[in-house]
Amino acid sequence: MDQTPEAFRTALSSGDTERVNQAIDEVEDMDLEERAALFNDCFELCRELYESDDGYQRQSVIRFAAALYPRLAIRTVGADITDEALPGEWTLDDIATHRSRLRDLYLAALVDDDGRVRRAAAKALKDVALSAEMIEASNELQTMGRVAKSSRVQ
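First residue of the sequence shown? That's 2 in our numbering, and the numbers climb one at a time after it.
Source of the hints: derived by calculation from the structure; they are not laboratory data. Every value quoted in this text rests on a predicted model; they were computed, and no experiment measured them. Virtual Cβ for every residue (Gly too), placed ideally from N, Cα, C. Accuracy of the hints is not assured; some may be wrong.
Stated by the list, open to error - Ranges between beta-carbon positions, derived for each pair: (1) Glu85 / Asp114: 19 to 29 Å; (2) Pro88 / Asp115: 30 to 40 Å; (3) Arg10 / Ala109: 13 to 23 Å; (4) Glu34 / Ala8: 12 to 22 Å; (5) Gly116 / Asp84: 33 to 43 Å; (6) Asp30 / Leu131: 31 to 41 Å.
Using the sequences and the accompanying hints, generate a full structural model.
What follows is the structure, encoded as structure tokens:
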């Protein structure tokens with residue numbers, strides 16, 4: 002599979018479990034820096050595809066976005082939390098933007114009509130929360146907790 006936003010769009014919108022899983026596997030097999038480079042373009046397609054009436058497609062988008070998350074904060078473990086602790090030209094602002102965009106998508110998905118989507122979002126939100134905790138972004142954790150608590154669904 003090509004590792005382009007358009008190839009991922011095709012797979013995620015296909016409704017084919019095998020193609021969706023292959024797209025997710027492709028992204029999971031990338032190193033953190035490759036995922037980070039692909040994040041912005043692919044995240045926009047996730048937002049577009051999430052608007053579908055198809056619950057399976059929305060669930061696939063959430064799972065794909067979770068795999069796409071580069072988790073660059075992991076690189077700061079054991080070091081001072083500074084831009085220099087991150088690979089390449091990435092900054093703390095960049096990784097905060099990744100978390101913020103994902104958090105917003107996941108929190109919206111927590112109130113989705115489809116239980117599969119809600120479960121995928123709850124699972125994915127844990128990774129974003131863990132990254133925020135690792136870099137001591139307590140304000141982000143409080144926001145996630147407050148919004149998640151207010152959006153609890155059956």
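Hint check results:
Separated by about 45 Å at the C-beta atoms, Glu85 and Asp114 break the suggested range of 19 to 29 Å. Hint check: Pro88 to Asp115, Cβ distance near 36 Å, so the stated range 30 to 40 Å holds. Under the hint 13 to 23 Å, the C-beta atoms of Arg10 and Ala109, about 20 Å apart, fit the expected range. One distance hint, 12 to 22 Å for the beta-carbon pair Glu34 and Ala8, holds here, with the actual separation near 20 Å.
At about 40 Å, the CB distance of Gly116 to Asp84 agrees with the hint of 33 to 43 Å. The hint said 31 to 41 Å for the Cβ distance between Asp30 and Leu131, and at roughly 21 Å that hint is violated.
Hints 1, 6 from the earlier list are contradicted by this structure; the remaining hints agree with it.
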